[in-house]
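2 protein chains.
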Amino acid sequence: MAEHIVKSFEQELKRLQALITEMGGMVESQVALASRAVIDKDAAAASQAVDADPAVDALEREVEQYVIRLLALRQPLAQDLRHIVAALKITGALERIGDYATNVAKRSLVLDQFALPYTLTGLAHMSRLVQENLKTIIDAIGENDTDKALQVWRSDEVIDEIYNALFRELITYMMEDPRNITPCIHLLFIAKNLERIGDHATNIAELVYYAVRGEPLADIRPKGDSSAYAVVRPPRA
Amino acid sequence: MAEHIVKSFEQELKRLQALITEMGGMVESQVALASRAVIDKDAAAASQAVDADPAVDALEREVEQYVIRLLALRQPLAQDLRHIVAALKITGALERIGDYATNVAKRSLVLDQFALPYTLTGLAHMSRLVQENLKTIIDAIGENDTDKALQVWRSDEVIDEIYNALFRELITYMMEDPRNITPCIHLLFIAKNLERIGDHATNIAELVYYAVRGEPLADIRPKGDSSAYAVVRPPRA
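Line by line, the protein sequences are chains A and B.
For the first sequence, UniProt numbering assigns the number 1 to the initial residue and increments by one for each residue that follows.
For the second sequence, UniProt numbering assigns the number 1 to the initial residue and increments by one for each residue that follows.
Bound conformation, chain A alone:
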């Protein structure tokens, strides 16, 4: 009987992990749709990304209820408790990734109304890296893979560097022609949202690492977004 209970608890933990990877898959596809909406000017993809958000929110609530039920009925200890608390925090991070993707998708619809004076190469590159990190970290959740978590944690710095370069680039376009200002501001916020999605992937990496290993990944995280300090002036001010 005791063994039966133990086995069933293991199944419940597996079920929790499955719920989270399912939620991860949903926001992964939301981010892919939102990126396609921006890069390929695909309005249908934008709508799909926005429409997907309520289902992501609903799954977050389902995970939360499941976690509260597990805590109440199973009264887990040590490693199990760590996994369950991490699951609760991961689901919060995934929900916010979904929110950022929705915001990117909405802004893509505004961009469609403007002729952009340049290609979106930098943004496309950034969005590709963010999506790769997101995919890797969702795999890491499903496989309790700390190597993959470390890989994501380390590669966030590159995303931040691209974001910083993009920030300055977009400002120069705005200075060249006031008609570029509105689309470039939306692109700035889109890039910032992608950078935040990358940040949340990094947060999840820390949670996965801690849940599996029982010790924090590190106190100091690579923080590459220096745009808060960026000063760009017109050529002849």
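Think of the hints as simulated: they come from the structure by calculation, not from any bench.
Among the clues, some could well be false.
Since the list gives no way to pick out one identical chain from another, each pair is judged satisfied if it fits inside one copy or across any two copies.
What the hints assert, rightly or not - DSS-like, lysine-lysine: derived pairs with alpha carbons at most 30 Å apart: (1) Lys-14 to Lys-41; (2) Lys-192 to Lys-135; (3) Lys-41 to Lys-135; (4) Lys-14 to Lys-89; (5) Lys-135 to Lys-14.
As the structure is a computational prediction, the values presented were derived from the model and not from experiment.
Please arrange chain B on chain A, whose structure you already have, making use of the hints.
Below, chain B alone, put in the same frame as chain A:
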């Protein structure tokens, strides 16, 4: 003996609540410092806000450890469990409010390098309302006050409206003179950060309400930030 244990658990829950209101007080002061840094061009306040961030992060970790200990040793049920899970989520929201305040403070230092062509009345108004909501929601946490939670939840819409107006106003300044572009972009991100702080106060309101009442506040939340769809064009494009 059993009564002693019960009493001690109540004390532990009080201690958890005290830790969270302490953290709330810290981020409240961080937001006040960051706002003063922007509105009054007070570089010392900016440094204080940035310097406060590690202590906020440390307190978040302390709350988390305390929650995990409570869950493991006390195995709480029903309302207590709800309060503890809410506490964990509130501490996450407070930590992010601290992050946003830090980002505002950093950007204020860039603003000091520019002569702004206008007053910061709108931003000052917005920052005052955000600070009021933050204060009210931290009181609500300490007093389990769902009326105050509701008050915060309802008043977030006004903050969003001011933000939307500010968004458009800042874009027009950028169109008037390319020298305004860099400072106005930082002001845009500052306003966005304040709007996000207001959003997190609203999230906390929902958590307080749920923890105390045992039912969600509502499925539909007033969402007033429509700036993702904003289009502003130069007068003669």
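Against the structure, the hints come out as follows:
1. For the identical chains of this complex, Lys-14 and Lys-41 are neighbours neither inside a copy (39 Å) nor across copies (53 Å), given an alpha-carbon limit of 30 Å.
2. In this assembly of identical chains, Lys-192 and Lys-135 lie within 30 Å of each other by CA distance both inside one copy and across copies; the values are 19 Å within and 28 Å between.
3. Taking the closest pair of Cα atoms, Lys-41 and Lys-135 come within 30 Å of each other only inside a single copy of the chain (23 Å); across copies the shortest separation is 43 Å, beyond that limit.
4. Taking the shortest Cα distances, Lys-14 and Lys-89 sit within 30 Å of each other both inside one copy (17 Å) and across copies (23 Å).
5. Only within a single protomer do Lys-135 and Lys-14 lie at most 30 Å apart by alpha-carbon distance; the minimum there is 19 Å, versus 41 Å between protomers.
Violated hints amount to a single one, hint 1; each of the other numbered hints is respected by the structure.
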